[in-house]
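Number of protein chains: 2
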Amino acid sequence: MSNQPKRVFNFNPGPAILPLPVLKQAQEEMLDYKGTGMSVMEISHRSKEFEAVIQTAEADLRTLMNIPANYKVLFLQGGASLQFTMLPMNLRPAGASADYIVTGSWGKKAFDEAAKLGTTRAAANMKATNFDHLPIQAELDLDPKAAYLHFTSNETIHGVEYFTEPVPPAGVPLVCDASSDFISHPIDVSKYALIYAGAQKNAGPAGVVIPIIRDDLLEKVPANLPVMLDYKTMAADGSLYNTPPCWSVYIVGLVLKWIKEIGGLPEIARRNQAKAGLVYKAIDESGGFYRGHAKTDSRSVMNVTFRLPNEQLEEQFASEAKKRDLIGLKGHRSVGGMRASMYNAFPIEGVESLVEFMKEFQQNNG
Amino acid sequence: MSNQPKRVFNFNPGPAILPLPVLKQAQEEMLDYKGTGMSVMEISHRSKEFEAVIQTAEADLRTLMNIPANYKVLFLQGGASLQFTMLPMNLRPAGASADYIVTGSWGKKAFDEAAKLGTTRAAANMKATNFDHLPIQAELDLDPKAAYLHFTSNETIHGVEYFTEPVPPAGVPLVCDASSDFISHPIDVSKYALIYAGAQKNAGPAGVVIPIIRDDLLEKVPANLPVMLDYKTMAADGSLYNTPPCWSVYIVGLVLKWIKEIGGLPEIARRNQAKAGLVYKAIDESGGFYRGHAKTDSRSVMNVTFRLPNEQLEEQFASEAKKRDLIGLKGHRSVGGMRASMYNAFPIEGVESLVEFMKEFQQNNG
Numbered sequence: 118m119s120n121q122p123k124r125v126f127n128f129n130p131g132p133a134i135l136p137l138p139v140l141k142q143a144q145e146e147m148l149d150y151k152g153t154g155m156s157v158m159e160i161s162h163r164s165k166e167f168e169a170v171i172q173t174a175e176a177d178l179r180t181l182m183n184i185p186a187n188y189k190v191l192f193l194q195g196g197a198s199l200q201f202t203m204l205p206m207n208l209r210p211a212g213a214s215a216d217y218i219v220t221g222s223w224g225k226k227a228f229d230e231a232a233k234l235g236t237t238r239a240a241a242n243m244k245a246t247n248f249d250h251l252p253i254q255a256e257l258d259l260d261p262k263a264a265y266l267h268f269t270s271n272e273t274i275h276g277v278e279y280f281t282e283p284v285p286p287a288g289v290p291l292v293c294d295a296s297s298d299f300i301s302h303p304i305d306v307s308k309y310a311l312i313y314a315g316a317q318k319n320a321g322p323a324g325v326v327i328p329i330i331r332d333d334l335l336e337k338v339p340a341n342l343p344v345m346l347d348y349k350t351m352a353a354d355g356s357l358y359n360t361p362p363c364w365s366v367y368i369v370g371l372v373l374k375w376i377k378e379i380g381g382l383p384e385i386a387r388r389n390q391a392k393a394g395l396v397y398k399a400i401d402e403s404g405g406f407y408r409g410h411a412k413t414d415s416r417s418v419m420n421v422t423f424r425l426p427n428e429q430l431e432e433q434f435a436s437e438a439k440k441r442d443l444i445g446l447k448g449h450r451s452v453g454g455m456r457a458s459m460y461n462a463f464p465i466e467g468v469e470s471l472v473e474f475m476k477e478f479q480q481n482n483g
Numbered sequence: 118m119s120n121q122p123k124r125v126f127n128f129n130p131g132p133a134i135l136p137l138p139v140l141k142q143a144q145e146e147m148l149d150y151k152g153t154g155m156s157v158m159e160i161s162h163r164s165k166e167f168e169a170v171i172q173t174a175e176a177d178l179r180t181l182m183n184i185p186a187n188y189k190v191l192f193l194q195g196g197a198s199l200q201f202t203m204l205p206m207n208l209r210p211a212g213a214s215a216d217y218i219v220t221g222s223w224g225k226k227a228f229d230e231a232a233k234l235g236t237t238r239a240a241a242n243m244k245a246t247n248f249d250h251l252p253i254q255a256e257l258d259l260d261p262k263a264a265y266l267h268f269t270s271n272e273t274i275h276g277v278e279y280f281t282e283p284v285p286p287a288g289v290p291l292v293c294d295a296s297s298d299f300i301s302h303p304i305d306v307s308k309y310a311l312i313y314a315g316a317q318k319n320a321g322p323a324g325v326v327i328p329i330i331r332d333d334l335l336e337k338v339p340a341n342l343p344v345m346l347d348y349k350t351m352a353a354d355g356s357l358y359n360t361p362p363c364w365s366v367y368i369v370g371l372v373l374k375w376i377k378e379i380g381g382l383p384e385i386a387r388r389n390q391a392k393a394g395l396v397y398k399a400i401d402e403s404g405g406f407y408r409g410h411a412k413t414d415s416r417s418v419m420n421v422t423f424r425l426p427n428e429q430l431e432e433q434f435a436s437e438a439k440k441r442d443l444i445g446l447k448g449h450r451s452v453g454g455m456r457a458s459m460y461n462a463f464p465i466e467g468v469e470s471l472v473e474f475m476k477e478f479q480q481n482n483g
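Taken in order, these protein sequences are the chains called A and B. Each residue of the first sequence is one higher than the last, beginning at 118 in the numbering used here. Each residue of the second sequence is one higher than the last, beginning at 118 in the numbering used here.
Please keep in mind that the hints were generated in silico from the structure rather than gathered at the bench. Keep in mind that the hints are not guaranteed to be accurate.
Remember, identical chains collapse to one label, so a pair may be satisfied in a single copy or spanning two.
What the hints assert, rightly or not - Derived SDA-like pairs (lysine to any residue); straight-line CA-CA distance at most 20 Å:
id: 1; residue 1: Lys141; residue 2: Pro122
id: 2; residue 1: Lys440; residue 2: Arg124
id: 3; residue 1: Lys226; residue 2: Arg163
id: 4; residue 1: Lys447; residue 2: Glu428
id: 5; residue 1: Lys226; residue 2: Val125
id: 6; residue 1: Lys225; residue 2: Asn482
id: 7; residue 1: Lys165; residue 2: Pro290
id: 8; residue 1: Lys447; residue 2: Ala186
id: 9; residue 1: Lys398; residue 2: Ser307
id: 10; residue 1: Lys233; residue 2: Pro210
id: 11; residue 1: Lys233; residue 2: Met206
id: 12; residue 1: Lys377; residue 2: Pro286
Bear in mind that the values here come from a model prediction, so they are computed numbers and not experimental data.
Next up, chain A with everything else stripped away, as it sits in the complex (with noise of 0.2 Å):
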């Protein structure tokens, strides 16, 4: 280790770019945990050291999200992906419906996976565009009656962004995954009955996903759920019902002290948004050479999609791109084109980076 490694400017958009501060920490305390002798792997999770990982971490969580006393935190296993199926499980009664706006890939993911097990309404769909803009709150259609409003506040694929919460109807709790905007600008979570993330874009590796639910939800969750299933389990058992992803936990735990060390979620928005206005500005001032997939007033802050005259242009920006160290930028084949998947972690240097090259490749392409 005594060559300085190499890094790239990373654009992958989930498992993606982790502070740099945090990644040498984990190295440092690889053989070593505090003076433990071992690994953070290597200890158990009924030991006290590992009870404060995971207890700072949810402590820092609910500083920096300002998570009110009512909610409990948790770290699970199966990603946003498993938390679609225990969603309408522990939430939506025998009988009744749920209630999905469908945005893009992941919003409609989430519906599929609530259909197979009871009544879903898409209270919106806005494939007929392929997912290009958000509904305005006038175009929902609402059931008064459903057991949740879902919600992803940021799609993925697709580059469209909520800023501003979709209004359910009075009584009916508001359910969003937010993995791709997770804790990447302060949120007011009382509005809020369930947020879940998975943490491999702006929180942490692969592994693990973190649902935060208000208490009352809880009373709502039926007997003899599978127990790996079980919200109410999981939050009785502070996450440690059986052995959780440590791993995953530890280090969203030091991404988490990191955010709150350079300024909490205000700064880490105040960054973002200067990350994506730098390339939002470069697309709109390329008189029409590269074109936003997203709306303007639908676009997201964390994953810019844009295309460019032709496919094979496309391929050429891509692979001068991977010269230049800026890696991710393939975009997903439902959209096509780039995206440039910006999260908390990744630099403004990277985005300065990229702006330059996009200039040259059209200069020298256009």
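Given the coordinates of chain A, work out where chain B should sit on it, guided by the hints.
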């Protein structure tokens, strides 16, 4: 990282000790995995680099265990605890019954989760003697029409282990929770329809469970299961339907390579026998000061459970052991006393140190 890091003898029952060369390689590659300029936590699970990680892990496991070609190897989330639910959901048709051999806490948990979802019979339940021995074949009350027969090859808490598989009735698939003796000795995989194991004992860190399933079983999986709970989908997508627990899979891969390098499962089995043999010998030669929980013919090579003359001495034993860097020896509350877990990565030197301490402790307190 200039000073030599402290390391202890880690008898933790899981999460457990990992091979030191594995930790060192993970440390070395933390900032730049194989020249990518990214940590393995930061690369895409769809990248060729991660595909190599997961495919190499699978190939090495196939080699080590001599897994026939008509079996799929999966890397999933949720631990063995979620397998307790997936198993009956996938492999017990509506209206059918499944048989469980209950030999300890883990067998009981598997039984209880299956019982929530349908008809579940105990082919044996060894609770009457606090799970201190395994049933012989003739004691099993087997249903010739069972959807499957489930057993737990090693009970981590009680310290009893199967070395010859129970024999199911003709045509009944044999299913095994092998979490705590997985890849600790050679087995004949072709006797099994499904083997699954949480990684955090012998194979890696927490956060990944490894089911190995025979192809024809996949044909029995009902349509329209929740996608994250569907063996067929997970097998079809090579465990990459959604983002897998990348880091845990990576560490498992390093552990498998380490096992291959030191001589594979025959050599691992030889080492494990030697280690457990030393502790059982110390128990047997203590004139009753140390009393094994498991009956001689059911003794686990992985987890040696034993009592001392009274609880006060047990507390003192654990406390003095800890001062000698012999960590994690306190037994589970449902058995009491001590438990020495000596998984694959546990070094013989640590066992020698324990045995020496046992003798000294007896001399001073016997």
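The hints, checked one at a time:
no.	hint	in the structure
1	Lys141 <-> Pro122	both (11 Å within a copy, 16 Å between copies)
2	Lys440 <-> Arg124	within (13 Å within a copy, 42 Å between copies)
3	Lys226 <-> Arg163	between (35 Å within a copy, 19 Å between copies)
4	Lys447 <-> Glu428	within (11 Å within a copy, 62 Å between copies)
5	Lys226 <-> Val125	neither (32 Å within a copy, 46 Å between copies)
6	Lys225 <-> Asn482	neither (37 Å within a copy, 67 Å between copies)
7	Lys165 <-> Pro290	neither (36 Å within a copy, 41 Å between copies)
8	Lys447 <-> Ala186	neither (42 Å within a copy, 35 Å between copies)
9	Lys398 <-> Ser307	neither (34 Å within a copy, 61 Å between copies)
10	Lys233 <-> Pro210	both (14 Å within a copy, 18 Å between copies)
11	Lys233 <-> Met206	both (11 Å within a copy, 14 Å between copies)
12	Lys377 <-> Pro286	neither (35 Å within a copy, 60 Å between copies)
Going through the hint list in order, the structure does not satisfy hints 5, 6, 7, 8, 9, 12.
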